[in-house]
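Visitor: The lines below spell out each chain.
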Amino acid sequence: DAGVTQSPTHLIKTRGQQVTLRCSPKSGHDTVSWYQQALGQRPQFIFQYYEEEERQRGNFPDRFSGHQFPNYSSELNVNALLLGDSALYLCASSFTGLGGYFGPGTRLTVL
Amino acid sequence: ELKVEQNPLFLSMQEGKNYTIYCNYSTTSDRLYWYRQDPGKSLESLFVLLSNGAVKQEGRLMASLDTKARLSTLHITAAVHDLSATYFCAVVLDLLNNDMRFGAGTRLTVKP
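Residue numbers (my numbering), protein chains in the order written: chain A, 1 to 111; chain B, 1 to 112.
To be clear, the hints were calculated from the coordinates, so they are not data collected in a lab.
Honestly, I wouldn't trust all of these hints.
[Stated by the list, open to error] Far from chain A, by Cβ distances over 12 Å, these chain B residues were calculated:
hint: 1; residue: Gln-6
hint: 2; residue: Ser-12
hint: 3; residue: Lys-17
hint: 4; residue: Tyr-19
hint: 5; residue: Tyr-22
hint: 6; residue: Thr-77
hint: 7; residue: Val-80
hint: 8; residue: Gly-103
hint: 9; residue: Gly-105
[Stated by the list, open to error] What follows is a list of derived Cβ distance ranges for each label pair:
hint: 10; chain 1: B; residue 1: His-81; chain 2: A; residue 2: Leu-39; range: 22 to 32 Å
hint: 11; chain 1: B; residue 1: Asp-94; chain 2: A; residue 2: Asp-62; range: 33 to 43 Å
hint: 12; chain 1: B; residue 1: Asn-52; chain 2: A; residue 2: Thr-20; range: 38 to 48 Å
Even for Gly, the Cβ is constructed at its ideal location relative to N, Cα and C.
Take the sequences, apply the hints, and build the full model.
Guide: In structure tokens, the structure reads:
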């Protein structure tokens, strides 16, 4: 069982650019949640995808968008990157409310 | 809005000592997770507590949940250096979708 996977591992972008991060949930899981964790801070909930739709959203601007595919994998897109978007982006998967397994994360650096 | 408070935020312990980390939350929830995070790494699931009075133990760590008091504890017994990490509690807002909100984390350092 592969567990939750994320790609890429690290990414460096410049302000104003756009980025796409990817997540594959644990086998058998159908729900993907995305979190942003700035250095030294707690993870902050961005949004959650279930049945290819955004089911819940945290307090993040519309520059943050996502998608879920029929195979339950998910993408997080961030447009018009700001320096403050530099963070570790974590994806968590679950099934019928149970799970909370996190992937290894993507470290995004915005210069 | 749900508030999740952990204390202490920083904890320096001697090896062999015991200590407890506290996680208080402001609204009703029947599910809570404890995670460990090493520097630069992702979150490692330690415990999921599913009901009032739940107690789980793994090695030197034991977690409990009191949903009436809205309190969870993570007890460390006879600390060793390998336990040095940041520990987060995460309270589930919505059981159906496992929507979690995190505490600020406790940075634990265990000294020889």
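Visitor: Compare the structure with the hints numbered earlier in the document and write down the numbers of the violated ones, lowest to highest.
Guide: 1, 8, 9 and 11
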